[in-house]
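Asks: Chains A and B, in that order, give the protein sequences. Following my numbering, the numbering of the first sequence begins with 1 at its first residue and continues without gaps. Following my numbering, the numbering of the second sequence begins with 1001 at its first residue and continues without gaps.
Wrong hints could be hidden among the right ones.
[To be verified] Calculated pairs, SDA-like style, for lysine to any residue (alpha carbon to alpha carbon, straight line, at most 20 Å):
#, chain 1, residue 1, chain 2, residue 2
1, B, K1096, A, N51
2, A, K20, A, V115
3, B, K1079, B, K1096
4, B, K1002, A, G61
5, B, K1042, A, W10
6, A, K41, B, K1079
7, B, K1002, A, Y58
8, B, K1042, A, R37
9, B, K1096, A, Q29
10, A, K41, B, D1039
11, A, K66, A, Q29
12, B, K1042, A, Y58
13, A, K66, A, T17
14, B, K1079, B, A1029
15, B, K1096, A, V62
16, B, K1045, B, N1022
17, B, K1045, A, F39
18, B, K1096, B, A1029
19, B, K1002, B, F1021
Hint data in this document are derived by calculation from the structure and do not stem from the laboratory.
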Amino acid sequence: GAVVSQHPSWVICKSGTSVKIECRSLDFQATTMFWYRQFPKQSLMLMATSNEGSKATYEQGVEKDKFLINHASLTLSTLTVTSAHPEDSSFYICSESGRASRNEQFFGPGTRLTVL
Amino acid sequence: RKEVEQDPGPFNVPEGATVAFNCTYSNSASQSFFWYRQDCRKEPKLLMSVYSSGNEDGRFTAQLNRASQYISLLIRDSKLSDSATYLCVVNVNDYKLSFGAGTTVTVRA
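Construct all of the structure, not just a fragment, from the sequences and the given hints.
Replies: Listed below in structure tokens is the structure:
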């Protein structure tokens, strides 16, 4: 069964609003979780590494003030897209690692965000 | 240069056929290699890890060539359910993964 859940699975919002996406690790204490974004027909791009109890590490080109990440517990990381605009419309996927060997990551089902 | 490059395809094959494709990676320090499968509008799911000696999982065979920095995936006796996008994934250090854009395979009846 699924080991990582995400909520919501899809969301449509107006431009300028903020959207929060939750990523939960099931039956595993994930100290590190990852947030990716995937545009149509493109590869997953890592946005940031979420570390429990400390600040997230953002990849180059990702605005940390726009994409707020909170990893307050070992089973929950949240991504908030602040003041969303149409260009933020994408498929957002979280993942966790450490549960298995060889750096395998387990992905959540993803959240499809559409900003009107 | 992208860290991981794949032929996007699509590879359109009949049921029962064999299909194979490669990906190349740029960082010679890469440590772990994977093939993930992604269905339309779904999350990626691990298909198989790729080991230096090559490995097989049922109808799927993966090969790694470190000298030439490429990874291959071969699917034998293709099934309709094999239709998907196959992502080549490389890990350099820590837990960070680099993804290829995917190779699309369509198996037709």
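Asks: Against this structure, judge whether each hint is valid.
Replies: We went through each hint and held it up to the structure:
no.	hint	verdict
1	B:K1096 to A:N51	holds, 13 Å
2	A:K20 to A:V115	holds, 13 Å
3	B:K1079 to B:K1096	violated, 32 Å
4	B:K1002 to A:G61	holds, 16 Å
5	B:K1042 to A:W10	holds, 12 Å
6	A:K41 to B:K1079	violated, 23 Å
7	B:K1002 to A:Y58	holds, 19 Å
8	B:K1042 to A:R37	holds, 13 Å
9	B:K1096 to A:Q29	holds, 18 Å
10	A:K41 to B:D1039	holds, 12 Å
11	A:K66 to A:Q29	violated, 27 Å
12	B:K1042 to A:Y58	violated, 24 Å
13	A:K66 to A:T17	holds, 12 Å
14	B:K1079 to B:A1029	violated, 35 Å
15	B:K1096 to A:V62	holds, 16 Å
16	B:K1045 to B:N1022	holds, 18 Å
17	B:K1045 to A:F39	holds, 18 Å
18	B:K1096 to B:A1029	holds, 13 Å
19	B:K1002 to B:F1021	holds, 18 Å
Violated hints, in rising order: 3, 6, 11, 12 and 14; the structure is consistent with all others.
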